Amino acid sequence: MKQLHRLALGALLLGSLILIPTVQAAGTVVVYSARNEQLIKPLFDAYTKETGVKVKFVTGKEGPLLERLQAEGDKTPADMLITVDAGNLWQAAERGVLAKVNSKVLEENIPAHLRDPDGQWYGLSVRARTIVYNTKKVKPADLSAYEDLGNPKWKGRLCLRSSKKVYNQSLVAMMISRYGEPKTEAIVKSWIPNLATDVFSDDENLLDAMAAEQCDVGIVNSYYFGRLKKKHPEVPIGIFWPNQNENGVHVNISGAGITRHAKHSEAALKLLEWLSSDKAQNLFADSNMEFPANPKVKPNPLVASWGEFKHDTVNVSEAGKLQAKAVMLMDRAGYK
Amino acid sequence: MFYPSSVDTQAVRPAWRVSDGGWWRLAALLIAVLVSIPVLMLLPAWLTPSSEVWRHLADTVLGELLRNTLVLLLGVGAGVLVLGVGLAWLTVMYEFPGRRIFEWALMLPLGIPAYVMAFVAVGLLDFSGPVQTALRAVFGQNGYWFPRIRSEGGVIGVMILALYPYVYMLARSAFLSQGRTLMEAGRSLGLSPRAAFVRIALPMARPAIAAGVALALMETLADFGAVTIFNYDTFTTAIYKAWFGLFNLGAAAQLSTLLLLFVAVALYAERHWRGQSRYYAAGKPVQGHRHRLTGLRATAACSFALSVLALAFFIPVGQLIFWLVSAGIEDLDAGYVEFVSHTVSLGLLAALITVAAAVLLAYVRKQWPGRLMRAVTRLATLGYALPGAVLAVGIMLAFTRLDRQVDVLVQTVFGVSTGLLLSSSVVALLFAYLVRFLAVAHGPVESALERIKPSLQQAARSLGASHRELLWRVYLPILRPGLLSAALLVFVEVMKELPATLLLRPFDWDTLAIRIFELTSEGEWQRAALPALTLVLVGLLPVIFLVRRSESEV
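Line by line, the protein sequences give chains V and L.
Take the working numbering: the final residue in the first sequence is number 336, and no numbers are missing along the way.
Take the working numbering: the final residue in the second sequence is number 1554, and no numbers are missing along the way.
None of these hints come from the bench; they were simulated from the model.
Just so you know, these numbers come straight off a predicted model, no measurement behind them.
Wrong hints could be hidden among the right ones.
With a cut-off of at most 25 Å between alpha-carbon atoms, the simulated SDA-like pairs for lysine to any residue come out as follows [what the hints assert, rightly or not]:
| no. | chain 1 | residue 1 | chain 2 | residue 2 |
| --- | --- | --- | --- | --- |
| 1 | V | Lys41 | L | Val1408 |
| 2 | V | Lys165 | L | Gly1523 |
| 3 | V | Lys75 | L | Val1408 |
| 4 | V | Lys183 | L | Tyr1336 |
Quick list of simulated restraints, FRET-style, between CB atoms [unchecked claim]:
| no. | chain 1 | residue 1 | chain 2 | residue 2 | range |
| --- | --- | --- | --- | --- | --- |
| 5 | V | Asp45 | L | Arg1401 | 47 to 53 Å |
| 6 | L | Ile1037 | V | Asp74 | 20 to 26 Å |
| 7 | V | Lys230 | L | Phe1146 | 48 to 54 Å |
| 8 | V | His232 | L | Ser1341 | 49 to 55 Å |
| 9 | V | Asp74 | L | Val1033 | 49 to 55 Å |
| 10 | V | Ala304 | L | Thr1060 | 49 to 55 Å |
| 11 | L | Arg1100 | V | Asp45 | 49 to 55 Å |
| 12 | L | Ser1341 | V | Asp74 | 30 to 36 Å |
| 13 | L | Glu1152 | V | Lys183 | 46 to 52 Å |
Quick reminder that beta carbons are idealized off the backbone N, C-alpha and C, glycines included.
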């Protein structure tokens, strides 16, 4: 039993060591991020190198992280929230955890439809949710619009990702904003009988299935396609920009906002402005094969090689407003 | 020896003074109430109606979700029961080639998170995976038949392989502590081996087996990662849909309480059904002679154990190694020392705290079997069935509220702000592990405690032992194998735990599970192989240690 005593003592010591609070340095910005560490750390490292300002961050899932920010209220250590998908940014603004920011730099760098009309959040990278196709089975001329994927000619040839992913919820939400609920529901319903197999849990599986000719057309985020092509240029999959004669391709963003109760709001604003600048934009977008949100910055050559395209310029916050409606609509339409 | 239902618990209740046990009961009650707080925090959600969400779910997906959940529970329950008990019996009672290795190796799948196993299974066996690609190369695009992996059968199979070790571990220690003398007595009275198993060994091990199956099923209910990979919608899917899709955390909390209600009723039913019968171990287990299997039977036993192990461990680990080789180890940096030390120290601390709490609760319940204590213990061990993120948010909310109260108090008294002290600290994290995994420790501890003969306690009492002495000098030494299994289970669970760690960890406190999550959530499975394999390795060592230990003690 002596062993147990010693063990308990050791545990107590270890516990008290852990509890000693860490002191925050002055030149610091604290970030809560739903964008993963491997995508943001290189940026923060570059920023620290350039300015000497330290960036402390903790990553997490959007939903719980937002609850945390809200619960912490004016005591939160966070100065900035970085998250993926406009729906989540809209939700954060709606909950009142973000501050309104006026910045000439940000307004110049980030186009109006990629930021909050009130200036509570700013898009930092853009991803297109677009159509991909197997180049052996489909000619680009056969493709036209998202709506057309419900055409009976695609019966047994369509691959979709689960409706539980926010990317699809935003896509459908933007369709609701354009067409209204009844028409959108009819479109989503028309996709279901065309499915070649059960919906996938992620875009990468979908692309793999398409490469194996399980299906011929599908909808994915552009950066998944980019990553695949970077690794395996020979894969017979092409990217197509739909709805060019109409509203354009659905795009979404990852973005950031300054928290309402930021302790280092000026330092945080400087970081946010830096993130929208040329240098950071390249790093930000290239690390994940996305499009820079700043239109003056050229995308990665591989991404640029997919050609220019018209994208939907309705403010992305619409997706947030209509997300719950979109989720319910997809349930009704039988889109799992 | 072997006491059937005739033992009257009233008769063995000790006659200590109330004040003597008062502190024990108070401490146990306090812990149980504390641990129940996050679960109780879900209840106020019912005050705000979420009728729109409810109507929507009822109109669309709820029926299918309930059906799916039930089928999953039945399938996984039956599977882990057969596999876990069968393998435990095989390795405890029989001698066959490789038995000594299988004995501990069969616990190894515990070290692999269920969602990793699910991803590997789908990756290998789906249409675009290597198996079907090879088949297509030989037989052409449509020239072969292959079962769909992303199906009900697929998800049930993977969950069984991921979760059978709970049952195996608990059943094994129960069988070991029974010894073989009873079985031999049964045989000498003319029972066939099968009848002796069914009529003697199985009923005696029932509390342990039930505890193991309950753990497996609670984890099944709480699982979100594995079912998502199979795109198999369960009740938990609805909880997350309400929260993340419909932005309605209140509705998610309401759904969660219903889930817990279901679990509570199921657990109660099992207890009720088990009735009042009690089975006690025959003192120090006697190491009898293992029945040696020969010829075809030995081959069958060996290949059965081997194939389970291959499916649940070698294939997933092989895939991880393959990914590691193709991704390279450039991610391996000094950070890994930290990930491992964080993972291990959190695991050890949580195991110690959780097992201590479980012993206290189980001991007090055994000594003072009252209604209140029983109810609170039940409530306190429900956290395991709760979807992790819901529980994590409950705990985060509780701690931030506490922190804010403390801040206000200190500010008015001393005029300084304390900020947030405990939320997102290691304390909050350890508390979260205690809430989540108390059931994991309580199951093995309680079932082991139940097997101890009341005569031991009567003897200790007659010699004037205090509660502390009785627990410390009589029960704990006997319980040690059970405590070690409980500690190991908690340790491994904490290593794999994600939602609470993700939300409550302090800055710069990443663990291996966090690394796996960060990489896999961006689809970078090849790079995730490094932290996943490290996790398996770190989890492997205590398993081997534990089994060696129990081997030498028996």
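Verification of the hints:
Taken as a hint, the Lys41(V) and Val1408(L) pair is broken in the structure, with Cα atoms around 35 Å apart against an allowance of 25 Å. Restraint check for Lys165(V) and Gly1523(L): satisfied, since their Cα atoms lie roughly 14 Å apart, inside the 25 Å limit. Taking the CA atoms of Lys75(V) and Val1408(L), the gap is near 11 Å; set against the 25 Å cutoff, the hint holds. Taken as a hint, the Lys183(V) and Tyr1336(L) pair is broken in the structure, with Cα atoms around 52 Å apart against an allowance of 25 Å.
Between Asp45(V) and Arg1401(L) the Cβ separation comes to about 36 Å, which falls outside the hinted range of 47 to 53 Å. One distance hint, 20 to 26 Å for the beta-carbon pair Ile1037(L) and Asp74(V), holds here, with the actual separation near 24 Å. At roughly 31 Å, the beta-carbon separation of Lys230(V) and Phe1146(L) lies outside the given 48 to 54 Å, and the hint is violated. A hinted range of 49 to 55 Å is violated for the C-beta pair His232(V) and Ser1341(L), which are about 37 Å apart.
For Asp74(V) and Val1033(L), the Cβ-Cβ distance of about 30 Å falls outside the hinted range of 49 to 55 Å, so the restraint is violated. The beta-carbon spacing between Ala304(V) and Thr1060(L), approximately 42 Å, falls outside the hinted interval of 49 to 55 Å. Arg1100(L) and Asp45(V) have their C-beta atoms about 50 Å apart, which keeps the hinted 49 to 55 Å range intact. Range check, Ser1341(L) to Asp74(V): about 34 Å between beta-carbon atoms, so the 30 to 36 Å window is met.
At about 34 Å, the CB distance of Glu1152(L) to Lys183(V) disagrees with the hint of 46 to 52 Å.
In the structure shown, a violation is registered for the earlier hints numbered 1, 4, 5, 7, 8, 9, 10, 13, in ascending order.
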